[in-house]
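Go by the hints and put chain B onto chain A.
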Amino acid sequence: MNLMLLKRFRNELIVLLATIFALYAFFYKNSTDDFVKSKEADIQSSISKINRVIELKKVWKSKTIVKKINVFKTIVSKSKLESFKRRGQKVIIKYKGLNIKELNSVVKQIMNNPFQIVKLKINQSAKERYRMELICKW
Amino acid sequence: MGKSNKKILVHKDMQSLTTNENIDIIITPQFYTFLKEELGVKFAYQAKQIAPSLFDDYLDSSKEYQFFVYKCKEYWCFFAYDIDEISSFLEEKGVKKYQIGKIFFSQELSNSLDEAISLGDDTSLKSIDNIVTILPKRLMGVEYIYKDLDLKNISLNHGVSISSSFGSLIPLKQTIGMTILLTILGIIYIAEGNRIKGSISDDEQKEELLLSKNHKLSSSRIRESILAQYEPIDSVERVKRDTIEDISKLLSIKAHLKELNIDDKKISALIEADTATINQIIKNANKKNLITKKEGGKLVRVERVL
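Line by line, the protein sequences give chains A and B.
So for the first sequence, our numbering puts the first residue at 1; every next one is plus one.
So for the second sequence, our numbering puts the first residue at 139; every next one is plus one.
Hints are not guaranteed to be accurate.
[Said to hold, decoys possible] When the alpha-carbon atoms are kept at most 27 angstroms apart in a straight line, the in silico DSS-like pairs for lysine-lysine are as follows:
1. A:Lys-108 with B:Lys-344
2. B:Lys-436 with A:Lys-49
3. A:Lys-119 with A:Lys-85
4. B:Lys-351 with A:Lys-63
5. B:Lys-335 with A:Lys-121
6. A:Lys-61 with B:Lys-344
7. B:Lys-145 with B:Lys-275
8. B:Lys-392 with A:Lys-127
9. B:Lys-404 with A:Lys-101
10. B:Lys-335 with A:Lys-37
11. B:Lys-378 with A:Lys-96
12. A:Lys-78 with B:Lys-396
13. B:Lys-436 with A:Lys-127
14. B:Lys-403 with A:Lys-94
15. B:Lys-378 with A:Lys-101
16. A:Lys-68 with A:Lys-121
17. B:Lys-174 with B:Lys-150
18. A:Lys-101 with B:Lys-396
19. B:Lys-145 with B:Lys-290
20. A:Lys-96 with B:Lys-387
21. B:Lys-421 with B:Lys-403
22. B:Lys-432 with A:Lys-121
23. A:Lys-121 with A:Lys-90
24. A:Lys-137 with A:Lys-127
25. A:Lys-90 with A:Lys-73
No lab work stands behind these hints: they were computed from the structure.
Treat the numbers as computed from the prediction; the structure is a model and nothing was measured.
Same shape as in the complex, but just chain A (with noise of 0.2 angstroms):
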């Protein structure tokens, strides 16, 4: 009886079980979609990250950066430099007399390299003539 039921209704188990495939094959697809969107932003924001963390690595942790502190010593001359004391990983300089042009020179030293400013202090001690204290550390 059971056969015959199968027989009876055979074009509908038939339709049924393409549905039933066709259903499958889209959830399939979907769950697929899905998936491969959340990993993508999962790599994607991985790389960023990465790419983001070498970044920063090659700029805040440069090992290039001890000679470049050094061009502060000659970057005016020895007269101006009031002091130059390197402790460790930290520098303090101080200026004294620049001129506009030298004050220009070593704040352009300042923007243009990694350092971390602790502390930059400019006065001006007479006209076009100033003072300068610098703190950084890298």
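Same frame as chain A, but now just chain B:
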């Protein structure tokens, strides 16, 4: 060999049946109209296409007929039958629609009906000029001895398999169409799913390549830790540098820097200029979201909090 169904000869005077099994039926000319034609077509489907026009003058236009055709030697044998008439007749005789396996036509028995067989009290079945015909018994004569026909030993080749269409809500043609459509749709979805799955591999390769060059960063904790350490430094230092640049743009021949202080809380600059220039400085500083504060007639303080 597959199990074949029991064959039943279906005629108007037949007895009721009591069976739960599937049966094949052989219908007598009482249920079909037969034509034998010599046509210049090669294939059965071509012959079937012209079948309705051949029967034009022979059929009751109020009924809906199905057509069946097969090659019989040099001729084409055409049959027109009303499936509803047959099925409702069989229902009356105790056979459910879905029990019917195949429908055969008694024309196929023509070689076995050289002598008539009895179909009840009034009618008989006999082959006349190779055409199976219903004959009234009164024409045969009282003395005529009717043959017994054992259907078990007769092989029939041309049956219509329509059992699946009988009890089904969905006709066979629609079943085939829908199944093909749904299967194609399913295959497309699966192919699309696999294609999408494959598209991720490029990104995975990029990530792997990046990590192979920086294997220390393979742990997300390490990455987060480095980011937590350097991100604040990077953002604060960028603000400091941007602010120095903004302040330097406020300076000119008429505006001199008196002092500049940077610590971990704020950046502050004191600029000296005449009144007109100070107003211009304030205007420009405000555009860059710097805080300004006049300190006396010729001094203005420009600040940004870190």
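Here is how each hint holds up against the structure:
1. For the suggested pair Lys-108 of chain A and Lys-344 of chain B, the alpha carbons sit about 38 angstroms apart, so the restraint of at most 27 angstroms is broken.
2. Pair hint Lys-436 of chain B plus Lys-49 of chain A does not hold up; C-alpha atoms about 49 angstroms apart against a cutoff of 27 angstroms.
3. A C-alpha spacing of about 14 angstroms is found between Lys-119 of chain A and Lys-85 of chain A, which places the hinted pair at or below 27 angstroms, so the restraint holds.
4. In summary, the hint linking Lys-351 of chain B to Lys-63 of chain A is supported, as the alpha carbons are separated by about 19 angstroms, within the 27 angstroms threshold.
5. Pair hint Lys-335 of chain B plus Lys-121 of chain A does not hold up; C-alpha atoms about 58 angstroms apart against a cutoff of 27 angstroms.
6. For the hint linking Lys-61 of chain A to Lys-344 of chain B, the alpha-carbon distance of about 25 angstroms falls within 27 angstroms, and the restraint holds.
7. Between Lys-145 of chain B and Lys-275 of chain B the alpha-carbon distance is near 24 angstroms, which keeps this suggested pair within the 27 angstroms criterion.
8. Of the pairs offered as hints, the one joining Lys-392 of chain B and Lys-127 of chain A holds, with about 14 angstroms between alpha carbons and a cut-off of 27 angstroms not exceeded.
9. With a CA separation close to 25 angstroms, the supplied pair Lys-404 of chain B and Lys-101 of chain A stays within the 27 angstroms bound.
10. With a CA separation close to 10 angstroms, the supplied pair Lys-335 of chain B and Lys-37 of chain A stays within the 27 angstroms bound.
11. For the proposed pair Lys-378 of chain B and Lys-96 of chain A, the alpha carbon gap of about 23 angstroms is at most 27 angstroms, so the pair holds.
12. A distance of roughly 24 angstroms separates the Cα atoms of Lys-78 of chain A and Lys-396 of chain B; the hinted pair therefore holds under the 27 angstroms criterion.
13. Using a Cα cut-off of 27 angstroms, the hinted pair Lys-436 of chain B and Lys-127 of chain A holds, with the two alpha carbons roughly 16 angstroms apart.
14. Pair hint Lys-403 of chain B plus Lys-94 of chain A holds up; C-alpha atoms about 21 angstroms apart against a cutoff of 27 angstroms.
15. In summary, the hint linking Lys-378 of chain B to Lys-101 of chain A is supported, as the alpha carbons are separated by about 21 angstroms, within the 27 angstroms threshold.
16. For the given pair, Lys-68 of chain A sits about 20 angstroms from Lys-121 of chain A by alpha-carbon distance, which is consistent with the 27 angstroms threshold.
17. A hinted pair counts as satisfied when its Cα atoms are at most 27 angstroms apart, and Lys-174 of chain B with Lys-150 of chain B qualifies at roughly 24 angstroms.
18. Proposed proximity of Lys-101 of chain A and Lys-396 of chain B is supported: the alpha carbons are some 15 angstroms apart, at most 27 angstroms.
19. A C-alpha spacing of about 7 angstroms is found between Lys-145 of chain B and Lys-290 of chain B, which places the hinted pair at or below 27 angstroms, so the restraint holds.
20. Between Lys-96 of chain A and Lys-387 of chain B the CA atoms are separated by roughly 24 angstroms; this keeps the pair inside 27 angstroms, and the hint holds.
21. Between the alpha carbons of Lys-421 of chain B and Lys-403 of chain B the distance comes to roughly 24 angstroms, so the proposed pair stays at or under 27 angstroms and holds.
22. Annotation: proposed proximity of Lys-432 of chain B to Lys-121 of chain A holds, straight-line Cα distance about 20 angstroms (limit 27 angstroms).
23. Pair hint Lys-121 of chain A plus Lys-90 of chain A holds up; C-alpha atoms about 16 angstroms apart against a cutoff of 27 angstroms.
24. The straight-line distance between the Cα atoms of Lys-137 of chain A and Lys-127 of chain A is roughly 31 angstroms, outside the 27 angstroms bound, and the hint therefore fails.
25. About 15 angstroms separates the Cα atoms of Lys-90 of chain A and Lys-73 of chain A, which keeps this hinted pair within 27 angstroms; it holds.
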